[in-house]
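Listed below, chain by chain, are the residues.
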Amino acid sequence: MLLTGAEIIMECLLREGVDVVFGYPGGAILPTYDAMAKYPQIHHVLVRHEQGASHMADGYARATGKVGVCIATSGPGATNLVTGLATAMMDSSPIVAITGQVPTAAIGSDAFQETDVTGVTLPVTKHNYLVYDVEELPYIIREAFYIARSGRPGPVLIDVPKDVQNARIEFQYPQGEIRLPGYRPPEKADERDVAAAAELINQSQRPVILAGHGILMSGAMQELRELAERAQIPVTLTLLGKGGMPESHPLVIGMMGMHGEAAANHAIQEADLLIALGMRFDDRVTGNLKTYSPNSRKIHVDIDASELNKNVMVDVGIAGDLRTVLAQLLPHVESNQHPEWIARIRDWQEDASDRDIIQYDTGDKLFAAQVINDLWRYTGGDAIIVTDVGQHQMLEAQYYPHQRPATLITSGGLGTMGFGTPAAIGAKFGRPDEVVWAIVGDGGFQMTMCELATAAQENINVNIAIINNSFLGMVRQWQELFYDRRYQATPMFNPDFCKLAEAFGVPAMRVTHRNQVEEAVAYAQSINGPTLIEFVVEKEEMVYPMVPAGASLHEMKRRPKLSEAKQ
Amino acid sequence: MTAPTLTNKQTIVALVENKPGVLNRVVSLFRRRNFNIDSLTVGRTHQPHVSRLTIVVDMQQANVQLIAANLYKLVNVIDVRIISDDPHVSRDLALVKVRTDDVESRNQVTAICERYPARILDIGTQVAVVEIVAAEDTVEAMIDELRPIGIVEMVRTGVVAMGRGTRIQDTDYRPAVPVKSNGNGYHL
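First to last, the protein sequences are chains A and B. Residue numbering for the first sequence follows our numbering, beginning at 1 and increasing consecutively. Residue numbering for the second sequence follows our numbering, beginning at 1001 and increasing consecutively.
You can trust all of the hints, since none of them are fake.
Listed below are several chain B residues computed to face chain A (Cβ distance under 8 angstroms; list not exhaustive):
no., residue
1, G1021
2, N1024
3, R1025
4, S1028
5, R1032
6, A1062
7, L1066
8, A1069
9, Y1072
10, V1075
11, V1077
12, I1078
13, D1079
14, T1171
15, Y1173
16, V1177
If you are wondering where the hints come from, they were derived from the structure by calculation, not from laboratory data. The C-beta atom is built at its ideal place from N, Cα and C for all residues, glycine as well.
Whenever a hint applies, use it, and build me the whole structure from the sequences.
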């Protein structure tokens, strides 16, 4: 079959099972866009900014576990992808980005719309390619998908010069194994390490499991639950680990870290054993490393060997696929009870409940925490929630318990404002049968709000909840706590979000009172297409608990106790 | 001669695919992770598609394991060994241009060269170019002796190293599609 490079790209995408691509055309990628006409099986979503394309591919990937694909032209098109690639890199999300490049003969000549894209994206991709020879193209695309989804997943970029897209060769899809001699994702653990880990677990009096994104990525939900239940080990989750075990489970004690549950943080600090599974001891999770969980032995399992002993030195470090390693470990783990330890954690939880804003009588005021908790209630706790970054994101983590994997999609590592709206669109394309809500702040929404036009053009059924406090709320919180309330560059003059939505042809509703939330959720979900609900919330609200940057994990700023506030 | 062990200096040898941009990937990794490179050499091997890097770093053993783990994350890196853990040989080459503008300095340079695995490549009434090929600390020692005479120019290749005996670091790697030459057959 004689095909052009552009047709080979589409042919290879088809064979990888790609059904949707998010992109934006331009000069250097035009041959590929022209070839798309022959491949109606692959739906192209025209974004309004290439950053949106990379976030949509990311949202699609996280919702489905499949590789998300975005396409952009050379130069500015490609550089606009960078934030999305960096986001996917930090959160181990499998995406393949295809960019056009100036013809090979022009490379290095500062040609129109030329950028050294493989150079620019080198530190924010798992791997990237500049294709000089059309013969290599099918091999590279197949490799790129394999690299993106295997091991610790991540973004892969393929830069394809225009002449390579136009070159015509006899196409044969590569057969057989992909040979990458240096690329060997670890699978099984050494049995001696497994035995050492089991011994620590069996001897522990105060164990805690720290469950991260790796649980979801390796599909180790059942194994995690078995381990926790058999040895009665409390489980705390990272932000990206949410959904790894149902949060209604009595052993799940919530998220850890800077805005984690107090009980989880106290448990980590007082534990005698941390069992870290598919997480990477990010600074937002550990607080001050010098005082982090000082009296515990530590077991760390991660697919990426370079995460072991990176931030926290561990007693047993295992590089392997989490599900495989847990299956190896489980037969060695004895049934156990830790009633005193669990009781201690229950005390911390009770204390936290006494400080919970949900218990407060807030009268006529609308608090972001309440909105998110009501969203949980009125969506039956079962929607796919895609957040942006900031206070609403942390409140989501606190007030929207997740029962199943891949129902929270959020930019954890990079903390990318503007992620929410496009990622929600991508997620809905991946899981059209699910209810998808984007929860975004007024700041982050405005970074990528052009994608409302994409949602409208595609009539994609995404519900967008703007938590509008007319501030860059999390930055304002830091200014309140650490900069003497000097609100430098955090108050926002906002557009009328409902009129804005109307201009895009998106139905919208404004909510200012708590009794309107239920109706608004029902309204949004009754419309088969994009909707926008603006929740006008209290302006200067805080997210508690909070571990100040650099403080020890147990040194949390807390909301006052309700029982004491009443007195 | 057994290779000398210097304080905390660790030698890593990596086999990498001989493809455009691979050296950039390695160097970018060291910069991004804030690993300091003491020396880095790169060259071809007997396999046309494989290049070999020797990287010397000055750091704790645990951190060297992290470097190795990070190097393995680069798809084009085929094999990584921390060679300083095992018996090995290593060589550094230096060219030193030293002042020889009187009889005394000429005699001194000649005498020093006799005590080291060194030779004079070029000598005149003003300067001499001395070559030494030796383990790194031997090269350092000779440079220290030449310094008082008056070094005017110097270049070193950085360390190359190889395991002793049957510790063979090799690969049967072949690219799926032959890499087209860009003229010099060397792509890094």
